[in-house]
Amino acid sequence: MLHASAMRKPIAVLAATVLVVSSISSSVSQAATKNLIPITLPVKPVGTITFANIEQNISEVPAAGYKALQDVYAANAQPKIPLTVLMGPNTVNPSDAKVALGKIAKLWSGFRQPVSYHALVYNFKDKAWALKADAKVPVVVATGGVRGRASMSSVINQCSADNCGSANSGISDAKGSGYGQFQVSSGENGPYQLMGGVFGHEYTHSVQAAQFLGNANVNKPVSKEREKYGLDNSPSGLFQGVLPCWMSEGMANFNGTAVVAPTFDKYIEWRKDAPRSQQTPDFTDFSAKSIQNYLLTNKPPKCLPPAGIYLMGYTIGALVVEALSAIAGPQGAMAVVTLLGRGQNFEQAFKSVYGISWAEAAPILAKVVAAEYAATP
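Take the sequence shown: its position 316, counting from 1, is numbered 553 in the working numbering, and each next residue is one higher.
Quick caveat, the hints were computed from the structure, so don't treat them as lab data.
Hints may contain errors.
What the hints assert, rightly or not - Below are the BS3-like pairs computed for lysine-lysine, each with C-alpha atoms no more than 27 Å apart in a straight line:
1) K412 / K343
2) K271 / K343
3) K304 / K588
Unchecked claim - DEER-style ranges, computed between Cβ atoms:
4) P458 / G427: 36 to 46 Å
5) R579 / P458: 15 to 25 Å
6) S296 / G381: 48 to 58 Å
7) G424 / Q516: 17 to 27 Å
8) P458 / Q293: 47 to 57 Å
9) D308 / R513: 25 to 35 Å
10) K317 / K281: 27 to 37 Å
11) S296 / A596: 18 to 28 Å
12) P326 / G424: 12 to 22 Å
13) Q585 / K362: 44 to 54 Å
14) N454 / D522: 30 to 40 Å
For every residue, glycine included, the Cβ atom is placed at its ideal position computed from N, Cα and C.
The task is simple: from the sequences and hints, build the whole structure.
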C-alpha cells in the first residue's frame, strides 16, 4: 500500500543485483489449492498474556509482542524466493534491502508467498531511470503494470525534490509475482529507515495478497463499485477489498518493523513515537469507546484512501496487531488473511483463529490501545 515513510542504508549503487534468499518455494501449480496455514487453529496463548488478562498487563504487551515475533522468526526456515533489487544509480539507501526482505520472508515462512519478488528503489534524481526500469520488470511487461492509485505514473508523481518517500507493494498477476516500489528521500535517519522497516512493511502486503492466489475471483471483471474505490481483482485488490484497513497496515507496520529490529530497545526506539506518527482530522478521539467504534465500523472499501481515516491503520492498527502478537504470536493475523482468501468473512476468520468473537475482542483491544495513547500524549 502507499506508504509515506522511507528507508535504507548506504549500499553504493546496485544497478540490478539478483539476490536469492534460501529454503521453501511456492509453485504456480499450487494456485488452485488451499493456501496453507502453518499453525494450529484456534491458536493458543504463546505466553502469560491472554484476552482475559491483557488489560491488567498492558505494560508488558510491547515486550511480549516483540518476543513472540522473534521466537517465530528464530524457529522458521528461510524461504527460497528469487529476489531482484533494482537500485537507482544516484540512490543511496539507508538500509540493506536484501537483509530486510530476507528477514520478513523468513517470518512468514509456511504461508503462501510471492513466487518471486522485484524491489525498485529510487530517489528524486532517479525518477526517469525508475520509469524505464519499471517498464522492464517482468510482471509489468506481462500485465501492463499496476493500475490505479498504486500505478507507477501515480506514485512517481508524488516524488518531489523535497518529499520522495512513498512505497507500495503487492501482487498483480495470478502467477504470484511480487513487486514493490520504494522511494528514498535524502536525510532519512530515523529507526524505521535505518533498520529497513519499509521493506518489511511492504513485503508483508505482498504476502497478504498471496493469500488470495487461487481465489476464484482473481482477474475476474471488475464491478463499478470496486472501480469507484480503485480496486481491481488482482490478488492485491482482492485482499484490500475485504481485510479491514487497520489490520492491513497494522500487520505491515508492526511485523515489518519488529522483524528488522535487532533488539527490543531498537524496536522501542521506533515504537515510542509510533502512536502519534500519523494524524488526521477524521480521527481525534483516542478514548476506548472511540477506538472500539473505529475497529468495528471502519471497513473496506470505504476506509481505503483517500479516506483520511486510513492513516490510523499505521498507528492504532499496529498497536492492535502488537497486542494480538503478545497474546497468540504474529502468525495468527496472517492466518486471518488466509481464511479471508478461502472465502470466510472477517468475523468468521477472526473467531476461527483466535477462538473469541470479534465483537468480544474489539472492546478489549480498544482499551489496551486507549491506554497506550493516554501514556503518549
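Violated hints - listed by number, lowest first: Nothing - there is no hint that the structure violates, so all of them hold.
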